Each structure stands twice: as structure tokens, then as C-alpha cells.
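Residues per chain are reported as follows:
There are 2 protein chains.
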Amino acid sequence: MIDFEYLDKIICSTESKILMLVIDGLGGVPDKKTGKSELDVAKIPNLDQLSKISSCGVANPVFPGVTPGSAPGHLAIFGYNPLKYLVGRGFLEATGIGINLSTTQIAVRGNFCTYEEGKVVDRRAGRISNQKCLDLVKLLNQVSVDGMKIDVYPVEGHRFVAIFDLDSSLISKISNDHLNEIDCSEIFCSIKESEDQIFTKLVNDFIGKSLQILSDEKRANGILLRGFSRGTNLPDMKNKYKLNPIGISSYPMYIGLAKLLGMKSVSVEKSLDKLVSAVEENFENHDFFFMHYKDADSKGEDGDFDGKVKSLEAFDQFVPRIMDLNFDVVVITGDHSTPAVLSAHSWHPVPLLIYNENIGGDKVQSFSEKEFLNGQIGSVDSVNIMMLSLANSGKLKKFEF
Amino acid sequence: MIDFEYLDKIICSTESKILMLVIDGLGGVPDKKTGKSELDVAKIPNLDQLSKISSCGVANPVFPGVTPGSAPGHLAIFGYNPLKYLVGRGFLEATGIGINLSTTQIAVRGNFCTYEEGKVVDRRAGRISNQKCLDLVKLLNQVSVDGMKIDVYPVEGHRFVAIFDLDSSLISKISNDHLNEIDCSEIFCSIKESEDQIFTKLVNDFIGKSLQILSDEKRANGILLRGFSRGTNLPDMKNKYKLNPIGISSYPMYIGLAKLLGMKSVSVEKSLDKLVSAVEENFENHDFFFMHYKDADSKGEDGDFDGKVKSLEAFDQFVPRIMDLNFDVVVITGDHSTPAVLSAHSWHPVPLLIYNENIGGDKVQSFSEKEFLNGQIGSVDSVNIMMLSLANSGKLKKFEF
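Going line by line, the protein sequences match chains H and U. First residue of the first sequence: 0, per numbering that gives the first Met the number 0; consecutive thereafter. First residue of the second sequence: 0, per numbering that gives the first Met the number 0; consecutive thereafter.
What the hints contain is simulated information worked out from the structure, not anything from laboratory work. There may be inaccurate statements among the hints.
Which copy is meant is left open, because identical chains are indistinguishable; a pair holds if it fits in one copy or across any two.
[Said to hold, decoys possible] Subject to a maximum C-alpha distance of 35 Å in a straight line, what follows is the list of computed DSBU-like cross-link-like pairs (lysine-lysine):
hint : residue 1 : residue 2
1    : K397      : K239
2    : K396      : K269
3    : K16       : K191
4    : K118      : K237
5    : K31       : K241
6    : K397      : K148
7    : K118      : K16
8    : K32       : K369
9    : K200      : K239
10   : K269      : K131
11   : K369      : K51
12   : K397      : K273
13   : K16       : K42
14   : K273      : K241
15   : K239      : K51
16   : K397      : K32
17   : K42       : K396
18   : K118      : K208
19   : K148      : K200
20   : K131      : K8
21   : K83       : K191
None of the values given here were measured: they were computed from a predicted structure.
With the sequences and hints as input, model every part of the structure.
Okay, structure coming up:
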């Protein structure tokens, strides 16, 4: 998985328009009893029809066997090697809700969780409402810790962002590697014995006081922190690809990712109609559209096979409206697989479809993991999807010297 | 083919158990007359059935077009990049029979061979018996060379190990690159003209005297040396993967390899029953099992198509007993292909099957090279097999920052 080092030499700007539809957690695996995956079961006639007239294949998100989080999964899709650009989840979430991190700040992604007898029993606190999240964040903002300023912001449902502002002598001791080593997967955070423990102690002080202030809650009586990260810069898609890109999502993290890559970003309500409407409304003014559909991933993570099937069927209904826009190139893929059978993200290759208005289809007859193995694209690393999309849209000139 | 540099961050220890079944020389190629490979011809109903409920694919051992020896082939399977860890065959054989090399020693793998009119006519001396090997090794131990102590040990059949103990001023002149350059493929050894010739002369003195002392033998009247190597350290599987691994084989080299990677090793008689019994007996105490089955490779090297078919059919009979142990993950693959048509190891991709008790199968309907090309895993480098095995067993956490 490497970058094409001569991209500068062949990239060019054209009138053609690319739509990148990311179905979060798209890929599944067969249920052992039925032998069928979510895509095998779903009634998705429009996607099936589209697959007949498109180039199909499968994409490996990060590395064989590696299960990516959403951030590395998406970075790969946009052609940013996720092993090179280690963008922290906390930073992305903060960017998504409009926070610009200063050089003394560290952002962290938080979950409210259910904590019983010293164990985390539900990592999402039963997916509490946005209003509940707002109320609980107010409580967390009452917590104070000596030596560190803390601001907590609600994100969505059980998700929040905490910003830790440290004095400059402390922040200078904390490397990115240090931040990556912090593990709060069992509520309190820990780090290798050899590391400086000061920051970890401050965070644990915050966690301890948070548990106290949440102690009357039935479900959301704990917090889980991850993705400790500071601000970072990535190459802008406008410069890298000579595109005028726009990202459309209902979730702050993906809005954050779009902003980070230099896309205009549009946050919409959680509705396929709103997502597609935003594409329609902005059609004239951009040449690259990233539309992010989350529901398939959420249902997969909940182990809700039938729910994931329904979310795919819901997406399918909007395919004709999307195709009516006459994009030159339409790409449909996922950032990773989220098989309902595993109730989690997984390492499995993700279906990849590239529709090019000038090119006919391959052997593929329906939209599924198994069927896409027969496709013309074969098996590629996700980091190559962007190159294939640009090529199909005529934005890559012949490579020669 | 690179290592995943963040393995430390995602590897975790769990209760799940992995069985890695290595069928040495598993892959074949079609016979020109019939169009069928050994696997196509073999009656292997249990492997066929298992392939229907597993994820299948093909694995490339080292590099496209490169035919691996058994050591690089196996290192790749265990996730050790064989282009990075150049472990000498002599060292492996020595480790396998329990010899720890001191810093002044060089180990070499030997074959008794048949030598007529200045030419090697049978590289394995008609596969002589273990007893014959013992007798001949006694003869070789009578050979003495000024400036070098020599100890020869029997291994198995035509195989032996010689340990050359040099004085410290000489050993310091011999680099690993120097050892890799020594070529004894036509009995006497040679090395580039530019290299120091002292060690080569001592070895040729040993070879010359060995030919004299073996001159009354009809079949085993010559020796072939290869894999000149000194001791080396590799990362331990216990640390690298947080596993408690065990290796089970009937051949010293594979026992040596298992030891070298930090596995407990169990040497058993040449019998599938004994191999499987050793897996059963140690089931409770380990979470990773490497079981090595040699016969397919031996028959392939002899150009014995029907013999290789029979060895695969013999393996197949033990599949139900193996599956009855209820491993969470069962992997079946080979270290390289050994097509009977070529009477040698080859560069061809090797079938790879991963059974995961939670996940259904892909499109594959039978266990063969051709059929596995339709599998969900696609085509991977063998060095990634270990990552896929760990992922399937739930031992790799999500990758994100």
C-alpha cells in the first residue's frame, strides 16, 4: 500500500463529476446457518442493476487481517495511506463539531457507557438520546482537575468530545506515540510503566470525578475515552487532486474528516432524503462529492442482521434518484466491513463498485461480496480507490516520460 | 510484503485457539495429459466439505516467481518476512536435533547422494534408511581436517547435519553474506574469487576425505552440503503475538523452526495418527498449534503424482477427528507448492483455507487450486496468513488512533 509518487505529473482538472457514496460498514460475511450475508439477503434491485453496468471488485481497507476504525478506513478511501497519516479520533471528532485545537490542547473521543461492579457492560450506554447526552455533558463540565482545563462537548447519542488544555511545560513532554499508548478501554486509563505518568494521572482524576457525578445514572454511569490526539495537517484534496470537493454527512466525525481534507462540508439530519438532497443542491458547484451513509454500520455493530438488511434496502431506494443526476463516475464502497454476525467492524474486504457512464459492465450480476469477487477491478487496497475514481473520470493523464 | 508496524497496538491475548495445519508442498499444477492437479484427482471429501464452510484463497509464499525452500516458506506462514529473517537451513536442522550453536560454529545441512563419473545422479541416494544414515555418519566422523573441528550428526534418511568449529581468528573473517555465497551443489564447494578462500578450502578438504571414506558405498557415495549458517535470534511468537504456541512435527528441521520461534515443540513418529494425537493431548495447554505434515512434499519431490494424491487422501481421513476438537480457527495451507509434474518445489500460489466457527463459507465448493481462486480471501502473501488467522480468532483489536 503505497502512494503513486508521480500523481502531480498526471493529475488534471476537468469538468467531470465524481460521486463517492460511502456506505459505512458495507461489507458483511455469511451467517453460518444460512450461508448468506446481509447483501445476499437484502432486496436491492437498483444496486443489482447498477452492478451489471459497472466495474466491480473488492477493496482491502488497511492491511490483511487488520480491522480499521472509521478514520483509517475513510482516509484510505480518499487515497491517504492510513499507516502514514495517523489521524487521531479525538481530533477528528473535535474538528467535526467545529473546534480548532490550539497547540496546548489534546482532544479525546468519549462514550457514555454502562458500568456495573467494575465492569463495562454496555459500551454505548444503550445508545442514549441526544438530549440525554446534552444533560450529561453539562454534568461533566462541572468536573475540575488541578493542572488541566477541561471542556466537554456533546456530539451525538452516547458520543462526546473532551478537550484537555495543558500548560506548555506538560504538553511538551507528551509525544504522539505517548498519546497512542494511552489505554482507557476499562474506564481508567493506563500507559506503559516506562512512560511519564503525569498526564495519565490528570485524566484518571477527571474519570474518577466523572464517575462520581454520573453515579445516579442507570445506564450512562460511566465514560470511556479513546483517540487521544492533538491537531495535525494533512495534504488538501484541492491541491493533491485538483478537485473542488464537498463532504455530506449526518455525523460530526465524518464532517471533521471532510474538513480536514479540505472539503467543503455539509452536515444534514439523519435521513437518506436529506443526504441526497444535499448532493442535488450542491451539484453545480463541485466536482467531487463524498456522501456518507452511516446506518448500515450502526446496525452491524448492534449485531442486528435484519436491521442492516433494511438499511441497505433503504439505501437502494435512493439509487435511481442519485443516478438521475448523471454523474460521470459513481463509486459505491464502504470504509470497512461490519458483519452483523460479528457485531463489530471486521477485516474483510469491502465491495467496490465504479460506474463510468462510458464503460459497460463486467461479469458481475448482483451487488454482493461473493459476486464482486468476479469483477473487473479484482482485489485492490482501499487506498487505490481514489486513483481508480480519478482515472474513470478522465482526470489522470497518460503516465510517461 | 511488509510487516504491519502497529501490531503491538492491536494484538491481544484471548481464550480462542488456532490450529495451523501445514501440508508441506500442498499446491500442485495440472498434469498436461489430464488437465488435473493432485488435489483435483484426490478423493478428499472431508476437505471438500470443510472448504464449503470456510474462507478460501491462495497464498504467495515469498515473491512472485520465487520458489521457496522450506525454511522461508514456513517463516512466511508464521508472519516472519522471509526476506528479512534469513535463517540458514543448517542452523535450523541443528536446532531441530537439539544442538545449540556456539559463536565459533557453523552448521550445514548435508545430504548423502549418489555420485557417478563426476556427476550427482541422485541427490538423495535413493532415500537410504535411518540405520544406514547412522552407519555412514559414523564414517564421516572419522574424517579430520587441520584447522577445523568437525562433528556430524544423523538427521533422518539421507539427511545429516555437520557442525564446523573454527578458531576465533577465522570465524571473524566469515560474514553471513560470505556463508550465503558458498555453493556445493556439484559436490565440492566454491565461492566468488574475491572472497577469502580459507574456509572453502577446509570444507573441500572435508568433502574430499568424505568421498574417499564413502567410496565403497553403491548409493550413498557422495555428500551435498548447503545452508551454511551460524546461530541467530528471531522475535519470539510469545512476545510478538501474545500466544502460547506449540509445534508438532516428525522432522527435525520443523522442530528446529518451532523452537526458534519460541514454540514448545513435540517430535512424533511419522504418522498422521501420532501427529493428531499430539494435538489432542496438548489441546488444553496451548492456544496456537502448528502441525506439520510432510508426506505430500516428499512424494511431490519424487515426481510421484499418485503417491502425492494418496498422501492428500490420507490427510483427508483425519479431518473429522481434527474438527472434533472444536478449534475456534483452523487454517490449512502449505509452505510452498511441490507439483509432482515438476518433481520439485515451485513458485505457484498455495491453497489457503481459514475455518472460523462463527462465519459461513464463500463460493468455494471443493478443495483445489482452481476452486480456491474464487474464495473470499483472494490472493494474499503468505506472510499475511498469520494476521488473518489472528483476526479470525478475535486476537486483533480495531486499528485506530
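Could you work out which of the previously given hints the structure breaks and list their numbers from low to high? none
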